[in-house]
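K.L.:
Construct the complete structure from the given sequences, taking the supplied hints into account.
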Amino acid sequence: MNLPRIASPRTLVPVLALAAGLAAAAPVQGASCVQGYAQCLVDASDLAAWWQRTAAGIDCYLDAVACLKGAYG
Amino acid sequence: MILSLALCVLPAASTADEPPRLVGEFGGRAVSGSYILVLDLAPRAIHLIDRRTLRVRTTPLARDGVRLDPYGIAAHGDGTLSVLADKGRVLSRFSATTGERIETRKLPEPSQGVTGLWNRLGVIAIRLRAGEPLVLEDGAEGFRPFSPIVSRSGANPAAQLIGNLLRCGSGTGDALPCWFLAGPPDVTLVHRDGSATHVAVPSFAPARARAASRSDPGAGFVYPVRDAFLEPGGLWILSNQEGDRTPLEDGAVRARHLAHVREGRVRRIVSLAREARAILDANPARLVILYSDRSIGTVAVR
Chain A
1 MNLPRIASPR
11 TLVPVLALAA
21 GLAAAAPVQG
31 ASCVQGYAQC
41 LVDASDLAAW
51 WQRTAAGIDC
61 YLDAVACLKG
71 AYG
Chain B
74 MILSLALCVL
84 PAASTADEPP
94 RLVGEFGGRA
104 VSGSYILVLD
114 LAPRAIHLID
124 RRTLRVRTTP
134 LARDGVRLDP
144 YGIAAHGDGT
154 LSVLADKGRV
164 LSRFSATTGE
174 RIETRKLPEP
184 SQGVTGLWNR
194 LGVIAIRLRA
204 GEPLVLEDGA
214 EGFRPFSPIV
224 SRSGANPAAQ
234 LIGNLLRCGS
244 GTGDALPCWF
254 LAGPPDVTLV
264 HRDGSATHVA
274 VPSFAPARAR
284 AASRSDPGAG
294 FVYPVRDAFL
304 EPGGLWILSN
314 QEGDRTPLED
324 GAVRARHLAH
334 VREGRVRRIV
344 SLAREARAIL
354 DANPARLVIL
364 YSDRSIGTVA
374 VR
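These protein sequence lines map, in sequence, to chains A and B.
Sequential numbering from 1 applies to the first sequence in my numbering.
Sequential numbering from 74 applies to the second sequence in my numbering.
Think of the hints as simulated: they come from the structure by calculation, not from any bench.
Built from N, CA and C at the ideal position, the CB exists for glycine as well.
Among these hints, one or two may not hold up.
20 Å max Cα-Cα, derived EDC-like pairs, lysine to aspartate or glutamate [what the hints assert, rightly or not]:
hint: 1; chain 1: B; residue 1: Lys179; chain 2: B; residue 2: Asp211
hint: 2; chain 1: B; residue 1: Lys179; chain 2: A; residue 2: Asp43
hint: 3; chain 1: B; residue 1: Lys179; chain 2: B; residue 2: Glu210
hint: 4; chain 1: B; residue 1: Lys179; chain 2: A; residue 2: Asp63
hint: 5; chain 1: B; residue 1: Lys179; chain 2: B; residue 2: Asp159
hint: 6; chain 1: B; residue 1: Lys179; chain 2: B; residue 2: Asp137
Simulated restraints, written as ranges between beta carbons of each label pair [unchecked claim]:
hint: 7; chain 1: B; residue 1: Arg283; chain 2: A; residue 2: Ala55; range: 32 to 40 Å
hint: 8; chain 1: B; residue 1: Arg136; chain 2: A; residue 2: Ala49; range: 28 to 36 Å
hint: 9; chain 1: A; residue 1: Asp46; chain 2: B; residue 2: Gly215; range: 30 to 38 Å
hint: 10; chain 1: A; residue 1: Ala55; chain 2: B; residue 2: Arg287; range: 25 to 33 Å
hint: 11; chain 1: B; residue 1: Ala273; chain 2: A; residue 2: Gly70; range: 24 to 32 Å
hint: 12; chain 1: A; residue 1: Gly70; chain 2: B; residue 2: Arg178; range: 20 to 28 Å
P.N.:
What follows is the structure, encoded as structure tokens:
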């Protein structure tokens with residue numbers, strides 16, 4: 001898996017979230033996992049060091065996987 | 074550490090009034106010989122259910138400060154079992170009889186599931202790109218691809234994430250059923266040699282998903298299958314989404330039907346009075362069902 005690439009540059013993460021149509025969307029119950037993922041990525045992008053953003057970005061993704069598996073499984 | 078054991082007996086059939094709630098937070102199940110193993114995450118424990126009598130022995134699992142994941146169980150033939158922990162980063166092995174933690178392994182990459190692949194351990198990888206193997210088997214030289222099941226592409230990161238959620242159910246000596254949570258009603262039977270065959274299964278969800286909305290990418294999929302249990306007489310499927318509403322939407326109806334598929338044909342449909350969570354066991358006479366209200370009951374099938 002190549003998870004670090006989702007959180008490397010400071011600007012990439014919120015751009016990704018926006019491209020996915022996530023960050024700008026209004027929260028609704030059915031999308032809470034994905035909304036949480038988007039917000040998590042935005043928060044991760046605020047961290048100071050690249051390695052912190054990388055680690056936080058990986059955590060965001062794994063949290064989203066856990067949330068979605070719980071929700072849809 | 075002192076570990077306590079609790080014994081109880083399941084009712085022969087579920088009752089509508091006050092079913093006993095035996096499972097706190099369902100984390101997965103495996104069938105091993107004459108027992109069904111159910112992973113409980115709250116409180117963390119293993120329920121060993123005798124397949125014949127349905128007597129339950131509950132063994133608390135040792136605490137190690139790491140949260141276990143509800144990503145399934147791999148039962149080993151030596152009385153131990155493996156579960157994932159720390160959001161799929163770690164594999165923990167426990168004794169099923171004492172609850173003692175025997176081993177903790179950091180995985181080379183995070184996983185979304187663990188399963189038994191006969192005498193080996195298998196994990197379901199997390200993928201960000203299409204075309205990568207999803208089921209991996211543990212071998213002497215590390216994890217290697219097993220089966221032709223590969224990750225799918227998605228229109229955006231959220232769709233990619235949802236579209237690659239894969240589960241594997243309970244198998245036989247010949248095959249293991251695996252399916253994508255989101256997508257068409259189709260179960261892949263993975264055989265011991267790594268080959269795979271596809272089985273179309275009944276669905277109670279619409280044939281086509283709605284267009285995905287910006288506010289809910291998950292609405293762009295349908296979720297036909299919640300669980301699968303392969304037994305020598307055929308494949309039992311627990312439905313997931315029923316009707317237009319996806320499982321997270323208000324008013325959604327899910328997991329109210331069981332279907333038996335054999336030789337490509339639907340042989341039987343069983344309606345359930347309440348939402349089910351998993352098929353714990355299946356034989357020609359009855360099914361053992363875990364319901365979403367955390368109770369366990371049996372369903373006669375003939």
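K.L.:
All the hints need checking, so say for each whether the structure fits it.
P.N.:
Hint check results:
Distance restraint check for lysine 179/B and aspartate 211/B: the Cα-Cα separation of roughly 13 Å lies within the 20 Å cut-off, and the hinted pair is therefore satisfied. At most 20 Å may separate the alpha-carbon atoms for a hinted pair to count; lysine 179/B and aspartate 43/A exceed this at roughly 27 Å. Our distance criterion of 20 Å between C-alpha atoms is met by lysine 179/B and glutamate 210/B, whose separation comes to about 15 Å. At most 20 Å may separate the alpha-carbon atoms for a hinted pair to count; lysine 179/B and aspartate 63/A meet this at roughly 18 Å.
About 10 Å separates the Cα atoms of lysine 179/B and aspartate 159/B, which keeps this hinted pair within 20 Å; it holds. Distance check on the hinted pair: lysine 179/B and aspartate 137/B sit about 14 Å apart at the alpha-carbon level, within 20 Å; holds. For arginine 283/B and alanine 55/A, the Cβ-Cβ distance of about 36 Å falls inside the hinted range of 32 to 40 Å, so the restraint holds. Checked against the given bound of 28 to 36 Å, the beta carbons of arginine 136/B and alanine 49/A, roughly 33 Å apart, stay inside it.
Checked against the hint of 30 to 38 Å, the pair aspartate 46/A and glycine 215/B passes, with Cβ atoms roughly 36 Å apart. Between alanine 55/A and arginine 287/B the Cβ separation comes to about 28 Å, which falls inside the hinted range of 25 to 33 Å. Taking 24 to 32 Å as the suggested C-beta distance range, the pair alanine 273/B and glycine 70/A conforms, at roughly 27 Å. Separated by about 24 Å at the C-beta atoms, glycine 70/A and arginine 178/B satisfy the suggested range of 20 to 28 Å.
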